[in-house]
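2 protein chains.
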Amino acid sequence: MVNTSDKTFLWPTQQPRPLSDEALASVDAWWRAANYLSVGQIYLLDNPLLREPLTRDHIKPRLLGHWGTTPGLNFIYAHLNRAIQERKISTLYVTGPGHGGPGMVANAYLDGTYTEIYSGVEQSERGVKALFRQFSFPGGIPSHASPETPGSIHEGGELGYALSHAYGAAFDNPDLLVAAVVGDGEAETGPLATSWHSNKFVDPLVDGVVLPILHLNGYKIANPTILARIPEEELLDLMRGYGHKPYIVSGGFNEEDPLLVHQRMAETLDEVLNEIADIKARALAGDTERPRWPMIILRTPKGWTCPTMIDGLKVVDSWRSHQVPLSNARDTEAHTRLLEGWLASYHPEELFDESGAPVAKIAALAPEGNLRMSANPVSNGGLLRKELRLPDFHDYAVDVPSPGATTDEATKVLGTWLADVIRDNPDNFRIFGPDETASNRLAPAVFAATGKTWDAEYHEGDTNLERAGRIMEMLSEHQCQGWLEGYLLTGRHGLFNCYEAFIHIVDSMFNQHAKWLKVTREIPWRRSISSLNYLLSSHVWRQDHNGFSHQDPGFIDHVVNKSADVVRVYLPFDANTLLSIYDHCLRSVDYVNVVVAGKQPAPNWLTMDQAVAHCDRGLGIFDWAGTEIAGTEPDVVLAAAGEVPTLEILAAAAILREAMPDLKVRVVNVVDLMRLQSEADHPHGLSDAEFDAYFTADKPIVFAYHGYPWLIHRLTYKRHGHGNLHARGYKENGTTTTPFDMVMLNDLDRYHLVMDVIDRVPGLGARAGVLRQEMQDARLRARDYTRAFGEDIPEVTEWVWDANGIGATPVDVGLSTGGDNV
Amino acid sequence: MVNTSDKTFLWPTQQPRPLSDEALASVDAWWRAANYLSVGQIYLLDNPLLREPLTRDHIKPRLLGHWGTTPGLNFIYAHLNRAIQERKISTLYVTGPGHGGPGMVANAYLDGTYTEIYSGVEQSERGVKALFRQFSFPGGIPSHASPETPGSIHEGGELGYALSHAYGAAFDNPDLLVAAVVGDGEAETGPLATSWHSNKFVDPLVDGVVLPILHLNGYKIANPTILARIPEEELLDLMRGYGHKPYIVSGGFNEEDPLLVHQRMAETLDEVLNEIADIKARALAGDTERPRWPMIILRTPKGWTCPTMIDGLKVVDSWRSHQVPLSNARDTEAHTRLLEGWLASYHPEELFDESGAPVAKIAALAPEGNLRMSANPVSNGGLLRKELRLPDFHDYAVDVPSPGATTDEATKVLGTWLADVIRDNPDNFRIFGPDETASNRLAPAVFAATGKTWDAEYHEGDTNLERAGRIMEMLSEHQCQGWLEGYLLTGRHGLFNCYEAFIHIVDSMFNQHAKWLKVTREIPWRRSISSLNYLLSSHVWRQDHNGFSHQDPGFIDHVVNKSADVVRVYLPFDANTLLSIYDHCLRSVDYVNVVVAGKQPAPNWLTMDQAVAHCDRGLGIFDWAGTEIAGTEPDVVLAAAGEVPTLEILAAAAILREAMPDLKVRVVNVVDLMRLQSEADHPHGLSDAEFDAYFTADKPIVFAYHGYPWLIHRLTYKRHGHGNLHARGYKENGTTTTPFDMVMLNDLDRYHLVMDVIDRVPGLGARAGVLRQEMQDARLRARDYTRAFGEDIPEVTEWVWDANGIGATPVDVGLSTGGDNV
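First to last, the protein sequences are chains H and L.
No gaps in the numbering here: position 122 of the first sequence is 122 in this note's numbering, and each next residue is one more.
No gaps in the numbering here: position 255 of the second sequence is 255 in this note's numbering, and each next residue is one more.
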């Protein structure tokens, strides 16, 4: 059964014994066939079954791909097939060395999945030819395991995330086995090195099992690997230190008969699977001690089964087999013969029948239906995804009798809703964070609903730890991101809360996930998965505690470089807008949603009804804050995006309202940043007419922005009013320790914004000069106060919006709603 | 002796024995004083030596800082002082938990360094008050160990890099001990988890010694740490698996007398230092076996010595002591008394004399002069930095009889020069890379000069490995970056070569280093260090092998968000420009230089004289490629930045020259990207007049750019001609496997560029329509060819610049040179 999610499922055990001759032949034939098909993909354009002498013209003109890791991946796949056949365990195959793409495709082809999905690649000689031709060919498929590869949730172009993804897949899938191959090169990366500790976050009752297989083939691109060059006892210590019980399978060196290695692998795999079944049974019986999960170290030669020497140089068991060992296969007759001999060494005539289909003993090794690893629905998570049961976020709204009349910590309010999301979705929603869930103030509410997952030792006085908690905290942003990706890719839901500055740690992981999403959108059989939701707090403007090293709002800049079909950026500025936005994010699919929100006490500006309307539009005019007159254009537009900028813009508007009551000021807030882009560039983009209706085509715009100010220019440079737009935001200026001082340090303060207006609106007369002087004085006063007392001046900290100051009539620019934030 | 670099230096050994009463008292007094000063910094505005009853007004209104880790850092510092006193070993102190800033400042104050540097913070009661007040106060110093902190090369705001930095400092400093404290929270990060393996890259003869001290204080912000919650034997296995010989010092729990823990620590430290001396001696005697370097696990309670319980909750040995344990010290009389009792528990009256200076037994524990860890010149690397001996790069120039007449792999040519840089600077220059130095084609030349550092096992057939090689390769971008940062910060030189896409892995590390550089520029006593030089190859346009996952040119976008004083971006487009640019980069200080270059065979465009002039200007007109007429403005400007864009722009210019000989085309190349920015925004920025002289104020500009095209708009939106600028570059479109097909996929191809010109230059008449059709046909033909044959169409691959087609007269826009690229 696949995904029974039946916690009483008994994992089968079975006495280890040597493979029968028949089973051995079957496993070996599968392996040889997968190897043959892998070599064929890399090299052959034609003559796919080697039924005629190989000529130069049968060989691809450009040879691309990675051979070195492939025979090992095929070897493991064949053995897992045998075990699945016998035990019927739903198994997902995650391959860290994802550049062994030809192997993944070959196995999916052998078990029939590939042909089911891609009907043009049938199980026949013609199909084999099509399979070969398409590989790493213009208009074909990539050379890595990719979204196009059935059974894969893990590309492995960028290395280091195999175990994190594997554990993410295993969480809340109690009957799932995830066989995760870790390359020994990949094992040197930081993210992989810490991801072994994932085993302290697994509950044998609630979660599936990750079986790490460290594939020690000794070499990277051009170097030996570290783990292959330390004494075996040291490597075993390392794996034990990571909390595993290691098993070693070694063989294939010096052309050792692979049949011997098959027997070793089969026996070890049986032992290991029995041990896993025992652990599961012990857990069912009530044992809560953290198990020492088994893992396998598979030491086989890199490039195993390709020509041992080429042009006098060692290739097997060397870095020289990493990519295309015979890169000159077309260049000389001798090299063409060498390739022919290599291909023939697998005896394709024994592996494929007359029609070109795999022979019966190979086909028979494929498990049935969804038990085939390439067909496991877990690997196409959208098939299994159930929508979240979301409590009505309106019920969690904070009361806002008038703008700014109440104060809340936005993320803390969100936490009350998330607590109920957790309660209502006990087996498919998790929150991830690097020890910051409390600091980001989702606590205390979420901890009333669940604990933090913890399967290491418990001490007296521990709080909020729980073996099967729904909140996953480890001090590794990589781990949080990787776990969440694995969880989402297998059909579940979640969010990643993180300090804004340090989300850059996973810039590159975000890149890979965004690319995966972009490609899967174009693959019909890949079903939609939940969006990857970020909640970034402890944001750049409130680093009074930690200072300059914690100031970086540039993740947004990084994100918007990716495909507009995939990325969304939201800047809710109070509790109700955050609730509204996050409800949307948790409903959405196939996006990366970046939400930056405040965690410190801050004014609430909008009622929930207003917030919903505002977030639905993605931007809007705060008619209650401006002084424009219906039917006429404003003199100036004050715009803001972000929590602190919104506060400062409103304070500036209040100053102007008092000092220059006749000045027609419009206040605009942008909560969906992508609305600023042209509709041609982003699905959320405003049309030019809409943009002009909000921002005018020719009036000064003073824009206070949460991040680096030039992003606003980058998003709006095509707009009519761009020449009149002046953006302020964060710059790399240094550090201070009070919030308003920080705002002043970046010239984003209300006083500066008022001066910006004075400088840009013509004809303000003598009052302008006086006001400018007042603003400069106010800044100096504020600065001096912080230096003397270590906190912000009361006239700033105690400032509140005066709702009685409202003098404007409501403004309706007559615009439709837009974006997809509904 | 500090930095004798005398390989025959004998590391002293000494019989471990209990501390004498006097030594014990001295160590304990230092520790208490450092703790007192740390608490004082966090809490006190006044009454610094507690000479009157503590009142609310003596306490800071905003309490910021981190106490939890601080007593442990102080404890280690005191013990290292004792050992340094006895053994005279030059020691650098790297603290992973850099947020223990008050401790670092306190120790620097106690040993006198602080007062020497900051004369306002004298050793007196008044000085103590100044020390306290400035800490995490507006206008004062940050709460973390920071560039302002004497003795520090490591801020630790973002966690994970302590060991990488420590090893970077130790390389080529054979007599240096680097005591590196690893926080147990930090130990969960990926970068830290893999950085333990640095010990396979250390040569005991050539390099110094890193002594890792894992500070197991049990808790992070709000959680227990993993390594503190696994059985001790498992932790020891882990450390052994990492290749270390672990020692444990444990104590201080349940209010155990610290004097007992001092004795344990002193004895262990003596043992460990003796063992290090033995290892060094064995290496001198010719032993080449990789040593099992000792490391210490220090298990002490988090928050050690602060009030055990506060408001009924456990604080010592709990996450509650992480930041400010008594956050309400001003709120009630009882809390104020609790703080007073805490401060008094250190007995300040025994620690400071009448004047407020540390008493003699404390002062006596400080080592002399530069042996004080806070004064070690290694921590202010610019003091020790020697300029590189750079061979004249002109001697490595490739021959360019006419533009495009010869072909080279640019990075391979650079390798020939770098090989001699290595030869000429055998002890202060290293090249770092994640197993890509050969792939990026600095090989084979550099391997003729040196090997890759390797102190793990050697197998027969290994190539280019060497115990003391100058090239450092580990498959971890984090490790490469961290090692290089440590190496630079301690006064040496180097570069990091990496695939362009995966340099995003270190985005966040770059952030921290750029921030460090920005701040150090403003600190007079911090001396200039060598720039951090990136060499990014396997760039976005040549991912025919690896595809979409390897395509990302956004590191440039990330970099340009940082302070303009620090960041530089260069896009050399052939071998000679790369040589010229890199010579400049290796001479520069205090920058981050990002250089993106090609590694595939590509045309050489400029002679070395032309290249030097071009790079000196940072941009220039290719008069040989345009068709403008001196004295008149061109009809259109074709601009390029980057290797592939330059090729395509030139091909487009050639098409236009033939098809529309009367069209006045100017070809501009930008090699120093920051020249595009306004001079107000970047020191390299062109003035508006200069910009107009190159790009015109009102003619169409078609700009082919290496990266995301909107960066060109972001850099130029203030320019007069911006409204006429059309930028093309990389977009997230997917993948293909031939170079020109990839260029077409992104619409950056010559045919598209020609169509851009046709669309933007008015009055081209009937010929324009015909040419447009020809361009569309050419694209289709090229696309069809790749689909049929798997390689690019010969009319593209065989295209060469026809120097005989030159029809233009030289153009001189009369501009000065600019930038600092001299």
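Each hint should be verified, as a subset may be incorrect.
It does not matter which identical chain is used: a pair holds within one copy or between any two.
[To be verified] List time: in silico DSBU-like cross-link candidates among lysine-lysine, alpha-carbon distance up to 35 Å:
| # | residue 1 | residue 2 |
| --- | --- | --- |
| 1 | Lys88 | Lys718 |
| 2 | Lys314 | Lys200 |
| 3 | Lys386 | Lys731 |
| 4 | Lys386 | Lys412 |
| 5 | Lys731 | Lys129 |
| 6 | Lys314 | Lys412 |
| 7 | Lys718 | Lys699 |
| 8 | Lys731 | Lys699 |
| 9 | Lys314 | Lys718 |
| 10 | Lys664 | Lys88 |
| 11 | Lys412 | Lys361 |
| 12 | Lys361 | Lys88 |
| 13 | Lys664 | Lys731 |
| 14 | Lys664 | Lys718 |
| 15 | Lys718 | Lys731 |
| 16 | Lys88 | Lys412 |
| 17 | Lys200 | Lys245 |
| 18 | Lys245 | Lys88 |
| 19 | Lys129 | Lys361 |
| 20 | Lys386 | Lys200 |
| 21 | Lys245 | Lys718 |
| 22 | Lys386 | Lys664 |
Hints are computed from structural coordinates only; laboratory data are not their basis.
Please read these numbers as outputs of a predicted model, since none were measured by experiment.
Here is how each hint holds up against the structure:
no., hint, verdict
1, Lys88 x Lys718, "neither (59 Å within a copy, 65 Å between copies)"
2, Lys314 x Lys200, "between (42 Å within a copy, 25 Å between copies)"
3, Lys386 x Lys731, "between (43 Å within a copy, 33 Å between copies)"
4, Lys386 x Lys412, "within (27 Å within a copy, 53 Å between copies)"
5, Lys731 x Lys129, "between (57 Å within a copy, 32 Å between copies)"
6, Lys314 x Lys412, "between (62 Å within a copy, 24 Å between copies)"
7, Lys718 x Lys699, "both (16 Å within a copy, 17 Å between copies)"
8, Lys731 x Lys699, "both (26 Å within a copy, 33 Å between copies)"
9, Lys314 x Lys718, "neither (58 Å within a copy, 59 Å between copies)"
10, Lys664 x Lys88, "neither (73 Å within a copy, 73 Å between copies)"
11, Lys412 x Lys361, "neither (60 Å within a copy, 50 Å between copies)"
12, Lys361 x Lys88, "within (19 Å within a copy, 73 Å between copies)"
13, Lys664 x Lys731, "within (30 Å within a copy, 41 Å between copies)"
14, Lys664 x Lys718, "both (26 Å within a copy, 27 Å between copies)"
15, Lys718 x Lys731, "both (24 Å within a copy, 18 Å between copies)"
16, Lys88 x Lys412, "neither (45 Å within a copy, 53 Å between copies)"
17, Lys200 x Lys245, "both (14 Å within a copy, 24 Å between copies)"
18, Lys245 x Lys88, "within (24 Å within a copy, 44 Å between copies)"
19, Lys129 x Lys361, "within (22 Å within a copy, 84 Å between copies)"
20, Lys386 x Lys200, "within (27 Å within a copy, 48 Å between copies)"
21, Lys245 x Lys718, "neither (60 Å within a copy, 62 Å between copies)"
22, Lys386 x Lys664, "neither (50 Å within a copy, 62 Å between copies)"
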